[in-house]
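Undergrad: Sequence:
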Amino acid sequence: MRQKWLGMGCLLGLMLLSACSRNIEENNHPPGEEAAEINLQLGVEYMRRGRNDIALNRLTKALKLDDNYADAHNAIAVLYERLGLNADAEQHYQRATALKPNDSDIYNNYGQFLCKQKHWEEANQAFLKALENPVYQTPEIPYTNAGLCALHNNNISQAETYFRQALQSNSKFASALYQMAQLNYEQKHYQTARDYLTRYESVAQDTPETLWLGIRIARELNKPEVEANYVHRLRRNFPDAVQTQLLNRSE
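If you read the sequence shown in the working numbering, its first letter stands for residue 1, the second for the next number, and so on.
Because the hints were derived from the structure by calculation, they are not lab data. None of these values were measured; they are calculated from a predicted model. Built from N, CA and C at the ideal position, the CB exists for glycine as well. Any given hint might turn out to be false.
Stated by the list, open to error - Label pairs and their in silico Cβ distance ranges: (1) V242 with E34: 39 to 49 angstroms; (2) Q191 with N57: 48 to 58 angstroms; (3) N68 with H232: 51 to 61 angstroms.
Said to hold, decoys possible - The list that follows gives simulated cross-link-like pairs (lysine-lysine, DSBU-like), each with its CA atoms no further than 30 angstroms apart: (4) K64 with K116; (5) K100 with K188; (6) K129 with K100; (7) K129 with K172; (8) K100 with K64; (9) K116 with K172; (10) K172 with K188; (11) K129 with K118; (12) K188 with K118; (13) K118 with K100; (14) K61 with K100; (15) K116 with K129; (16) K223 with K188; (17) K129 with K64; (18) K116 with K223; (19) K100 with K116; (20) K188 with K129.
Using the sequences and the hints, build the whole thing.
TA: See the structure below:
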C-alpha cells in the first residue's frame, strides 16, 4: 500500500517540466542559448510522448549548446531517472540545483528521486528546500510529495502533518485529500475518511483507487446504498481494474 501511494504521488511533480520551457519569443537571448531552449522544449515534448530516445538526443544537444542551463539539467535528470540510470540522474539533479538553488520545481523533482532511492532525510530536505521560496505558486505539490515519502518510510505522523499543510495551501488539492481519506480509513476513523473522500469527489474524477476506498468506507459505516453506488461506478467505468477484481473476490 505504501509503495502504491508513493507511485500515485510521483505523478504530481516528476513531470513539472513546463517550467523548463520558457517562452522564447519573450526573451532576447544569444543564438546559442535560444537554440538550447528550442532543444529543451522539443526534448520535453518527446518525453511526454514516450519517445525517450529522441528526447535524450535533444536534451543532450541543449546541454552541449549551454552547459549552464539548469532547466535542461533538470529535464535530462528526469529522463535518466525514467530510464533507470540513477547515477546520471543524480549528477544532473545536483548540477541543476547548483545552477538554480532557488528553483522549487527542481528541488521537488530531486526530492522524489531521492525518496525512491530511500534516502529519506535527504529527500525531506529537498522538499523543504522547494518550500523555502515564499512566492512558489504550488507548495501543495512538494508538501504532498513529502507526505508520500514519509508514508514510504512508515512515518505516519509526519505524513499526516505534510498532507494537512498541503491542504492549508490548497484546500482542493485532490491528491492530498485522497491521501487523508486513505490515512483516516487505515486508522479506522471512517467518518473522517468519508468526509475527505467527499471533498476529493467534489474536485476530481473517479479512479479505481478512490472508488474502492469509497466501497470499503461505506461498508464500515454500514451504508449499503452508498456502497452500491460506488460498486456500480467501479464496475461500469473500470471493469478490468485490479480494484474491480478485489471487489469481486470480496463479495
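Undergrad: Honestly, which of those hints from before does the structure not fit?
TA: 5, 18, 20
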